[in-house]
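**Q** Residues per chain are reported as follows:
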Amino acid sequence: MSSELVLDELTGRSSAGSIAVTAEGGTVTTNLQQGLTKAWVNFNGTGTSAGATITARDSFNTTSITDVNTGDYTITIANNMANDDYAHAGDSGGTNNSSNGNVYCNDQGTARTTTLFRVYTLNSSASPSDPAQVNIMVCGDLA
Amino acid sequence: MSSILKVNTLTGVSTAGSISVTGEGNSTTTNLQNGLAKAHMTYDLSGTAEIVHGFNLSSPVDVAQGKFGCSFINNMATATEYAVAGICKGNGFMVHGALQTASAMQIWNYDWDGDLSDFDLYGLVVHGDLA
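For the protein sequence lines, the chains are A and B, in the order given.
First residue of the first sequence? That's 1 in this note's numbering, and the numbers climb one at a time after it.
First residue of the second sequence? That's 1 in this note's numbering, and the numbers climb one at a time after it.
Chain B on its own, in the form it takes in the complex:
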């Protein structure tokens, strides 16, 4: 029999920020909070710069050619421990890391000559612990 639970907020009993979820194979559990992406964004620079889609990130700020900065709406727990993965459209790649804080990060984008370059479209996902 199918059942539907209607609820606005899920909170752990033992630890407010930790809820186990039975995995697909029914034999192990994963963790709801650790498995949820804490921020993601699709950023279009082909015309007027705009966030095509965004979650928990404010509008990017153009820092310099090939560089933009993003601020988290709800901060991450630490400056260095969260993980970011992203891609950019075109013949280039995205790097980050040294300039990330709990509240913001910079994304730098290079072409394959190693030069900072602006691209039309960016996508990124953030995993880690929220503050």
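Next up, chain A with everything else stripped away, as it sits in the complex:
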């Protein structure tokens, strides 16, 4: 028999921020909160100058993107992460999918914080390059 639960919010009973979910195989559980991506963003890395704010095409739990320099961006998180140990990954594409960019999610020059991290995009010659689409995803613990 099918069942549907209609609700606005899920909170753990033993620990508010931890809900187990039976996994696809039916034998083990995974964790709902740990499995959720806490932030993601899709933005155009071209057309702005250093220091300018970039408007995301779409995003979740990010407040702003700053163009630091060519192929160099900082992303600000809306609801803070619990610590600076979170994982972020990304990718990028260019006009007509040209090979002018690939995200490098390192923190060179700026240590990541619970609210901000910095990413770099390089072209196939390993030179900084502004791609037409930059995508970033963040996983980890929310504050």
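Interface residues of chain B toward chain A, partial, derived using beta-carbon atoms under 7 Å:
1) 3
2) 10
3) 11
4) 35
5) 110
It should be emphasised that the hints constitute simulated quantities derived from the structure, not laboratory data.
On a predicted model such as this, the values are computed, not experimentally measured, just so you know.
C-beta atoms are modelled at their ideal positions from N, C-alpha and C, and glycine is treated no differently.
Place chain B on chain A using the hints.
**A** For chain B alone, coordinates are given in the frame of chain A:
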């Protein structure tokens, strides 16, 4: 006391496609639908092309060297706003973006000489809004 809720479908009350989830630190909430990956795939081209693992993506179509196309089973809400991140095995990298629509996308893969190349293994994840 532990409790188990058995249910097949979760739907928001105020907005069907929006459910808050208390975060790990117990002080803020995140959003269930926004946090869920809408598609992911591991694609093996080392022998017979096959999806090793896939969710909400149909079998890739070989477009040309270094290029393959994927169709969503359940479409995304818009053509340009979803986010894709992926890697390929070997000395290369994956790009995308200009040829994505709400129902399909092309993935192009380059070696570090900037040439389109086929690699043995690809992995990708998609986030964004479903239609």
